[in-house]
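Here the sequence shown is numbered in the numbering used here, starting from 40 and rising by one per residue.
Keep in mind the hints are simulated off the structure, nothing from the lab.
Treat the hints with care, as some may be off.
[To be verified] Think about it this way: if two alpha-carbon atoms lie no more than 30 Å apart in a straight line, the pair counts; the simulated DSS-like pairs of lysine-lysine are: (1) 242 to 191; (2) 412 to 395; (3) 98 to 226; (4) 279 to 191; (5) 288 to 352; (6) 395 to 114; (7) 167 to 288; (8) 352 to 242; (9) 114 to 418; (10) 279 to 303; (11) 150 to 127; (12) 96 to 154.
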Amino acid sequence: MASKREIALVAIIIILLITNIYAFSQSAKVATLEKELAELKAKPIVTSPTWDDIVAKAKEQGTVIFYGYGDEFMKKFFLDRSAEFEAKYGIKVEYHHGDWFSTVEKLKADKAAGKTVGDVDLVFLWSKPFADAWEAGTVWQYDIMSTIPNAKTVPYELWYQTDFFPTYGAMVPGVWWQVGFVYRTDKVANPPKSLDELLDWVKANPGRFTYCDPNKGGSGHTFLMTLIYWMYGYETYAWKDLGKVNPAKENWAGLWNYLNELEKYMYHPGEYPAGNMAAFELLAAGEVWLEPQWMDIVWDQVQAGRVDPKLIKIYIPEPTICAGGYDGFMIPWYAPHKEAAMVYMNFWLEEATQMKLITDWAVYPLNTEVWKKAPADIKAQVWWPEGGLDAMLQRPLWFRHALYMYDAMSKWTDEVARK
């Protein structure tokens, strides 16, 4: 048996061996780190461009090729704002007015053809086409919202999603559309104050309520999504993918029963106006007395002299109506003037441009503080619900959920329209 002295010597030898091995390994690590540090020092320092750098580059580029969509009043709005942008920055805007579907299909075709430099810098679109464009790899995957200075004026909830589609900061919200209940003041003294009262009101006023086909107008599918949240709860669906909720709250049997009962007492039961404008024309003619409708449709029709503003009023029933959508801007992957496009996005969020959304259109600004500064006579116009944006922000804020909304739109055709 070894003596205590021998055991102690062996222990010392082991400790020395471990120490030397550790020291050797540490020396190797130090040598590796010194080598990596030397390599880093030899490389040029790369920093992110400042906003001033981006603006300077944009002015060098000198052009933005912008594709928008919408009604004629939207075309005029884009052209007017583009002229202001040109005057301020000296950057020419080449504006193309068409439809979002054709634009996204063009981007897909250019991607498939292998193009790396294209002829589109900026696209105005809504949630579903953005998601389609992202999936097709045609969106510039860059966090623009963290780059442009005026993004800080946009509610953070809108930085990285639109209708619960993730945007990764690559889509800059441009407008806040809003649907309300519009009614004829010469026919209706007491419209339903809440969604709870709607069915009873429609039964008491047969033939005087309608909503447009959800597949042919945004006021229709926003109304449909609002009813889903009202019946089953907003939190049931918020941020959840299809198939991730209680099946009883996804087949919507109660919703279809409600809508089929509602239909019995609507204007021309079984017939649904083919779009927002078609629905509003019925209201303007006095055929219907109440309907869900976009604020800017009301504004456009009043401006065009097609309805007497003294005969209509718009309001938000309790608890609320879905907010949005929030159409906005994205830059394609092959845009030749990306910096110029970002400067245009930032210009759109400037206070003066946001104010024009209120005074020259009828949509809420993304910079909610701008609403507080809007002229009182403008905010008193009939196309704004009572209390305007301030009142809207005091209510539950229900963002539309695109996946569930499109699923409901598809099912509505079989469950309601064809029954």
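Pair hint outcome, residue 288 versus residue 352 [Cα-Cα no greater than 30 Å]: Measuring from Cα to Cα gives roughly 34 Å; hence the hint is violated.
Restraint check for residue 114 with residue 418, where alpha carbons must lie at most 30 Å apart: With a Cα-Cα distance of about 23 Å, the restraint between residue 114 and residue 418 holds, given a limit of 30 Å.
Straight-line alpha-carbon gap residue 279 to residue 191, limit 30 Å: 27 Å, holds
30 Å limit on alpha-carbon distance, applied to hinted pair residue 242 and residue 191: 47 Å, violated
Pair hint outcome, residue 395 versus residue 114 [Cα-Cα no greater than 30 Å]: Distance ~14 Å between residue 395 and residue 114 Cα, so the pair holds.
Residue 412 paired with residue 395 [C-alpha distance capped at 30 Å]: Status holds; Cα separation ~12 Å.
Restraint check for residue 167 with residue 288, where alpha carbons must lie at most 30 Å apart: With a Cα-Cα distance of about 23 Å, the restraint between residue 167 and residue 288 holds, given a limit of 30 Å.
Distance restraint between residue 150 and residue 127, which requires alpha-carbon spacing of 30 Å or less: 33 Å, violated
Proposed proximity, residue 303 with residue 279 (alpha carbon, max 30 Å): 33 Å, violated
Pair hint outcome, residue 96 versus residue 154 [Cα-Cα no greater than 30 Å]: Holds, at about 23 Å.
30 Å Cα cutoff - pair residue 98, residue 226: 56 Å, violated
Hint consistency between residue 352 and residue 242 [alpha-carbon to alpha-carbon, up to 30 Å]: 21 Å, holds
Hints 1, 3, 5, 10, 11 from the earlier list are contradicted by this structure; the remaining hints agree with it.
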